[in-house]
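Take these sequences, add in the hints, and give me the full structure.
6 protein chains.
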Amino acid sequence: MASAPQIAEVLLEVLPYIERHREQTFVIKIGGSAMSKSDCLANFATDVVLLQHLGVKPVVVHGGGPEISGYMDRLGIEPRFVDGLRVTDEETLCVAQMVLIGLTGKRIVTALHQAGGRAVGLSGIDGGLLVAEKLRKDSCDVDLGCVGDVTEVNPAVLHQLLADGYLPVVAPLAADREGNHYNVNADHAAGQIAAELGAAKMLNLTDVKGFLRDPQDPASLVSVLTLDEAKAALVSDSASGGMLPKIEGCLRAVEMGVERAHLVDGRVPHALLIELFTDGGCGTMVVR
Amino acid sequence: MASAPQIAEVLLEVLPYIERHREQTFVIKIGGSAMSKSDCLANFATDVVLLQHLGVKPVVVHGGGPEISGYMDRLGIEPRFVDGLRVTDEETLCVAQMVLIGLTGKRIVTALHQAGGRAVGLSGIDGGLLVAEKLRKDSCDVDLGCVGDVTEVNPAVLHQLLADGYLPVVAPLAADREGNHYNVNADHAAGQIAAELGAAKMLNLTDVKGFLRDPQDPASLVSVLTLDEAKAALVSDSASGGMLPKIEGCLRAVEMGVERAHLVDGRVPHALLIELFTDGGCGTMVVR
Amino acid sequence: MASAPQIAEVLLEVLPYIERHREQTFVIKIGGSAMSKSDCLANFATDVVLLQHLGVKPVVVHGGGPEISGYMDRLGIEPRFVDGLRVTDEETLCVAQMVLIGLTGKRIVTALHQAGGRAVGLSGIDGGLLVAEKLRKDSCDVDLGCVGDVTEVNPAVLHQLLADGYLPVVAPLAADREGNHYNVNADHAAGQIAAELGAAKMLNLTDVKGFLRDPQDPASLVSVLTLDEAKAALVSDSASGGMLPKIEGCLRAVEMGVERAHLVDGRVPHALLIELFTDGGCGTMVVR
Amino acid sequence: MASAPQIAEVLLEVLPYIERHREQTFVIKIGGSAMSKSDCLANFATDVVLLQHLGVKPVVVHGGGPEISGYMDRLGIEPRFVDGLRVTDEETLCVAQMVLIGLTGKRIVTALHQAGGRAVGLSGIDGGLLVAEKLRKDSCDVDLGCVGDVTEVNPAVLHQLLADGYLPVVAPLAADREGNHYNVNADHAAGQIAAELGAAKMLNLTDVKGFLRDPQDPASLVSVLTLDEAKAALVSDSASGGMLPKIEGCLRAVEMGVERAHLVDGRVPHALLIELFTDGGCGTMVVR
Amino acid sequence: MASAPQIAEVLLEVLPYIERHREQTFVIKIGGSAMSKSDCLANFATDVVLLQHLGVKPVVVHGGGPEISGYMDRLGIEPRFVDGLRVTDEETLCVAQMVLIGLTGKRIVTALHQAGGRAVGLSGIDGGLLVAEKLRKDSCDVDLGCVGDVTEVNPAVLHQLLADGYLPVVAPLAADREGNHYNVNADHAAGQIAAELGAAKMLNLTDVKGFLRDPQDPASLVSVLTLDEAKAALVSDSASGGMLPKIEGCLRAVEMGVERAHLVDGRVPHALLIELFTDGGCGTMVVR
Amino acid sequence: MASAPQIAEVLLEVLPYIERHREQTFVIKIGGSAMSKSDCLANFATDVVLLQHLGVKPVVVHGGGPEISGYMDRLGIEPRFVDGLRVTDEETLCVAQMVLIGLTGKRIVTALHQAGGRAVGLSGIDGGLLVAEKLRKDSCDVDLGCVGDVTEVNPAVLHQLLADGYLPVVAPLAADREGNHYNVNADHAAGQIAAELGAAKMLNLTDVKGFLRDPQDPASLVSVLTLDEAKAALVSDSASGGMLPKIEGCLRAVEMGVERAHLVDGRVPHALLIELFTDGGCGTMVVR
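Protein chains in written order, with my numbering: chain A, 1 to 288; chain B, 1 to 288; chain C, 1 to 288; chain D, 1 to 288; chain E, 1 to 288; chain F, 1 to 288.
Hints may contain errors.
For chains that are exact copies, the list does not tell them apart, and a pair is met inside one copy or across any two.
[Said to hold, decoys possible] SDA-like mimics (lysine to any residue), calculated; alpha carbons at most 20 Å apart, straight line:
no., residue 1, residue 2
1, 134, 114
2, 134, 80
3, 37, 178
4, 137, 81
5, 209, 40
6, 209, 3
The set of hints was computed from the structure by calculation and includes no laboratory data.
Okay, here's the thing in structure tokens:
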């Protein structure tokens with residue numbers, strides 16, 4: 001516990017950051033694994049509510065991968081992969097929808113309420129927030145099923161919830177004009193929502209240190225990536241697996257006008273606050 | 001297809017109803033079975049969107065029973081009943097939450113979008129809409145688990161969505177002050193939401209003709225129930241099973257200021273429109 | 001009287017029309033003869049109030065010819081015509097002003113009140129709505145007197161009445177900057193008001209079937225006239241007499257941005273509703 | 001023409017009056033005879049526009065007696081009187097409506113426009129401003145016809161016009177719930193409108209010096225009448241003929257909350273300004 | 001004391017001026033000497049309050065020279081001049097700040113309150129109204145000290161006070177970005193404030209007749225100066241001493257968009273009213 | 001400098017305090033001696049700006065005693081005391097007014113600007129904020145001169161400045177209805193302003209530890225005083241000299257509805273933050 005003078009000192013140290021972030025919209029992506037420990041979720045929720053009290057307008061976008069796999073397993077749904085891509089049939093989509101919206105999203109909402117905020121969980125289906133079409137991979141001749149590519153973002157419902165003082169929590173699902181539902185990548189969705197909302201920042205809380213030039217070497221962490229460097233990274237060996245959509249999401253956001261997109265190491269306690277209110281930002285920042 | 005003069009005639013016939021309902025809030029409960037046929041859901045959605053275009057502010061509250069049972073079965077969760085009440089353990093609650101919010105609610109949202117409306121699906125957990133406590137039945141000494149009794153309704157989020165032109169779709173879940181989630185009865189929730197919203201009407205779309213004095217005799221349909229008659233019915237033999245919470249929901253609504261609560265036969269095509277825009281209302285109406 | 005299912009069916013059939021017309025401004029011209037039978041007027045008023053309840057913002061512009069002639073006759077004022085144009089001296093102008101504003105306009109206002117609306121009758125003189133100058137016909141060397149050519153429309157007073165929920169009813173009189181009053185053609189005035197209000201439609205309720213290629217042959221009705229065809233018609237033999245200003249009014253409206261201008265056969269009961277809410281539109285439509 | 005210092009002196013002299021009247025609503029009744037000379041009307045209009053520029057919200061209510069009689073005569077309508085009251089049949093009502101709304105009202109509107117204001121002429125029929133019922137005189141067994149007694153005032157339309165910066169000009173006609181029109185006394189109407197608008201003053205511009213204790217003796221002018229004295233005057237010999245409704249109108253206004261009601265000698269040039277901006281108020285003031 | 005008809009006459013004479021000035025912002029500079037007699041100040045305050053009641057938004061900027069000199073003398077601060085410019089050291093600045101803001105400004109505020117207005121006295125330091133930098137004269141190599149040159153005007157605080165109905169009273173001090181205070185010339189400040197406020201007029205109340213072509217010859221008064229003539233005057237012999245900044249202030253205002261800048265002879269009683277509400281404007285007007 | 005995790009820890013520790021203080025108005029009194037060191041003033045300003053960024057609406061009321069005495073001395077004004085009260089003649093009042101408003105107030109304004117805020121310095125004279133009458137002490141028969149007793153607070157100007165985002169800085173001067181100015185006690189003024197503003201707290205930054213039961217014994221600090229205890233203290237030996245008005249100011253505030261009034265030891269660096277955002281509040285708190 002800090003002493004009174006220390007507290008005063010810290011408040012004054014963060015004052016310039018508070019001034020800088022006031023009235024700005026931040027989109028914060030949190031992955032499924034980052035929420036598995038209830039402690040982590042409570043910490044995250046407290047950070048977000050504090051951000052709101054300091055004048056920021058936070059929008060949370062979440063994943064939920066591990067839990068989806070768990071339920072698929074219990075329901076006896078066999079995962080099928082083609083060229084490394086998961087084939088998402090109707091049944092798999094239902095499980096994703098149920099878990100992401102019905103479980104993960106509401107768990108975050110309740111954590112935010114416990115931390116003193118007022119939150120509303122919704123999905124890209126609601127209010128026409130995310131319009132998608134079926135993702136088609138030229139390189140592969142198998143039907144991937146209900147995986148969507150977001151083609152339009154209608155952020156009106158988010159603007160209104162923020163204006164009314166709510167913390168929106170968004171599950172990455174989408175619908176097309178015919179009423180079909182799609183699973184969409186949460187990292188991509190966060191980037192596109194940030195861009196359409198006119199957010200000042202997109203922060204992606206991951207379970208790695210950031211972007212490593214050499215994935216095996218923690219010392220090769222890249223602090224700042226320009227757009228060009230980020231594009232180069234996408235086709236290099238450095239970015240692979242889950243890192244690919246994370247960098248793509250940052251790229252989309254920054255290309256469409258978001259000032260800065262951050263990959264933040266969510267395993268560090270209160271990484272959000274450290275990133276936003278100290279010079280000791282951890283992870284990788286993508287800038288124009 | 002109607003002829004042009006017939007269309008004009010009908011529009012003029014419904015004009016007095018339009019005037020009467022304008023600017024009023026109606027809470028409409030729809031059960032899980034009523035939505036099983038996709039045709040039914042599309043019809044229902046069109047009716048609700050039409051209502052909104054005629055100046056009404058509709059709020060949808062839904063159930064989802066059959067599908068919950070289906071998933072429980074597939075997940076190998078054994079249903080346990082004590083004195084006719086379902087014991088809802090943590091796992092059952094998760095399934096209810098997933099199905100109601102993640103599947104049923106979003107299906108209704110998408111149906112409303114297809115019919116031309118803009119909808120947002122949420123649950124009683126969001127925005128603190130429904131605050132519950134653990135339901136305790138004096139008569140039974142078994143712990144029923146996560147079944148909740150709604151003790152507080154905070155309709156702010158609904159008022160704001162309605163003011164912004166959205167159709168709110170509410171799944172009957174709730175949270176307590178400690179962050180525990182509860183399954184709540186949809187009929188009760190609809191009645192209480194109607195009361196707190198200051199709704200003019202609560203309409204419960206069922207799969208029966210209405211309240212029958214003699215459940216075996218369709219001819220014993222009661223068109224109008226006063227509060228006292230409704231209370232008497234609750235302790236009579238006439239109301240039993242699923243009819244009990246439906247009448248209780250109507251009672252709660254009317255006791256707390258809703259002008260009229262209706263049990264409407266949802267199997268009749270476009271029953272909502274017939275109930276609201278013709279003299280030929282079907283079913284049972286509870287009034288003060 | 002329609003059955004309940006028929007009513008529901010019709011409401012659903014008109015839903016797409018309701019969606020299309022919502023929040024749009026329609027200027028509706030009604031001629032003096034169309035109002036001579038009190039039945040007609042009551043029907044017309046009900047249609048207009050219904051339109052308002054369905055989300056349309058209607059503005060009524062009216063004529064009043066037959067009654068003006070009646071009062072002139074009783075007052076012993078001799079009609080004088082030059083080249084088919086009525087010479088409007090001061091006395092004639094007074095009669096027109098009295099009849100149109102004092103009698104016809106208020107009769108419409110009261111009919112709208114009886115149908116459930118709230119109406120305000122005014123003239124182009126009020127709020128500077130219609131500014132005119134003396135009409136000068138190059139072709140004729142006789143002073144036509146107080147016949148005006150509208151040179152400016154100030155729709156502020158109409159916008160405000162509509163925003164406050166009133167149905168404006170406009171008599172076709174105007175004033176110039178020096179305070180002289182003028183009688184203006186109601187068909188022209190309706191077209192110009194529609195244009196300046198940014199109306200989506202102008203509907204002219206006439207006592208003919210529409211524009212006939214051959215005025216003697218009802219089968220020669222033209223359903224759609226483009227701007228060029230309408231201009232050609234003005235110099236052809238097809239358009240003559242009262243049809244000329246009607247087509248001119250439609251032309252002015254469409255040239256200045258109104259999407260569609262309609263000549264509607266006002267003798268058909270509830271012609272307005274049929275035109276707006278069915279495919280069986282009667283009469284002639286002028287489009288760009 | 002005043003010298004520059006005189007102008008400054010006068011402006012400073014009237015400053016306290018300007019402060020006192022700011023933001024207040026004044027109802028100003030002007031009679032038909034007061035407007036017969038165009039000079040008078042122009043002066044009156046200039047005074048009213050000046051009032052508005054000095055922060056007052058003026059509402060004009062007008063009569064139009066002499067011109068109505070002129071047109072009745074020309075139309076060959078025989079006046080009939082019973083016990084001194086004019087029998088107003090349908091035809092007479094039409095003439096009153098036409099002359100008051102169509103001629104007199106619009107003449108005032110145009111005069112106000114020429115003086116630099118923006119005016120809208122309407123009648124008690126419009127916006128449901130004046131609701132009346134058939135006047136029944138116990139003392140007389142003849143049907144007086146379409147003479148109305150105002151039973152309800154709905155000033156919403158006036159509040160809205162004033163808020164939008166318009167000068168409302170009201171003709172004293174009314175309608176009942178069944179849509180019948182009535183002629184109502186302008187002095188009464190002005191008093192009741194003033195009361196319902198929450199006006200601070202009602203000013204009745206007459207063609208006499210004010211209320212004379214002895215109608216034959218100009219020196220018997222009464223400057224101030226309390227409510228009780230006004231009631232006594234009504235049953236005395238002092239008040240008779242046209243003076244009766246004028247005192248009744250003042251009484252109604254003051255009884256219902258208007259601070260002061262004035263009978264002003266409208267023959268004095270710019271009597272309104274003198275009454276409102278100098279100590280030399282002319283005429284009679286009714287106070288609580 | 002004027003007679004009632006004279007008062008009416010004058011009000012009507014000034015009506016066109018009232019219409020012209022309504023809703024406009026006027027910046028009024030008053031010098032220290034003009035306020036030395038309490039009578040003058042009271043007159044000035046009454047004029048300003050009257051202006052506000054007539055719909056004008058006045059902003060007062062004041063000097064205070066004589067009193068500053070008096071206090072410097074009493075505090076034993078020796079005035080130092082270099083090339084005719086006063087060297088303003090820290091101590092002199094403190095005296096200027098104290099006298100202008102603490103004494104002169106509050107005296108004006110209280111005079112405005114006594115005249116019936118609501119005033120707020122502030123300085124260019126408050127709300128960042130006037131941002132200055134140290135004035136550097138190329139021609140002189142002595143440090144003039146705390147004399148500032150206004151480089152930025154932030155009129156938000158004035159707009160807000162005016163919108164709330166207050167009369168702002170501004171003392172001519174300024175601050176730079178580092179928090180140093182400066183004395184700035186009141187004539188210049190008034191001109192720049194007028195320009196940034198979008199004022200329609202700047203009126204400088206002086207103690208001379210206006211700009212004289214030959215300073216010794218009162219008959220050489222120039223009524224109108226164009227921008228070019230004003231620039232020429234600045235480098236001529238005609239303008240010298242205190243007249244220089246006054247003409248510069250007018251120039252800056254008019255160059256930056258103020259329609260008219262006036263030098264008014266403040267010794268004439270109620271010169272403001274005479275200038276604004278009569279044709280007999282006294283003094284010199286600078287126009288584009 | 002704190003480490004990143006420490007910063008996060010502190011932010012989370014203060015979160016409950018931030019939630020508690022949001023949207024509340026705090027009146028903060030700062031004495032003249034507390035501002036003598038420029039360091040102190042800069043610290044104070046930073047604290048106030050931080051408060052505003054954390055959602056608090058701060059109003060500063062200041063004294064300025066030492067500097068007033070300094071200028072009086074330099075101007076050769078002899079201090080006169082009667083029964084321990086300073087006799088404030090016209091000249092002394094002028095010095096107080098000049099120093100408080102012109103120097104001290106603007107120094108605070110500039111310090112707040114340097115810390116990143118937007119401030120406006122005004123006095124109780126401005127906007128009629130503080131209305132006073134001449135203070136009369138029954139016990140003493142000498143005229144104390146221009147010392148005022150505040151009889152009315154009109155906080156409108158403060159509400160408006162706060163709503164517009166400004167930090168108001170108030171010098172303790174007042175005026176009476178006749179336009180006379182008065183010096184008023186800053187401690188009293190702060191208490192009365194807090195009460196009329198509906199402030200949640202009044203904080204008086206002093207140069208002592210708080211209220212000591214035995215003024216000689218620092219260990220006798222009283223942490224909490226109820227209203228009754230505070231009243232008792234006023235007539236005891238414990239409170240004397242400058243402590244008397246400080247306790248009176250707290251008393252007035254709490255009696256009129258302010259929840260808590262604090263005497264804070266302003267010599268502790270960032271005492272404001274420590275008082276408001278930690279449990280280690282220093283000094284004495286007066287509560288109901």
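Tested hints:
no., hint, result
1, 134 with 114, "between (38 Å within a copy, 18 Å between copies)"
2, 134 with 80, "within (18 Å within a copy, 42 Å between copies)"
3, 37 with 178, "between (38 Å within a copy, 18 Å between copies)"
4, 137 with 81, "within (14 Å within a copy, 50 Å between copies)"
5, 209 with 40, "within (16 Å within a copy, 42 Å between copies)"
6, 209 with 3, "between (31 Å within a copy, 19 Å between copies)"
In summary, the structure agrees with every hint in the numbered list given earlier.
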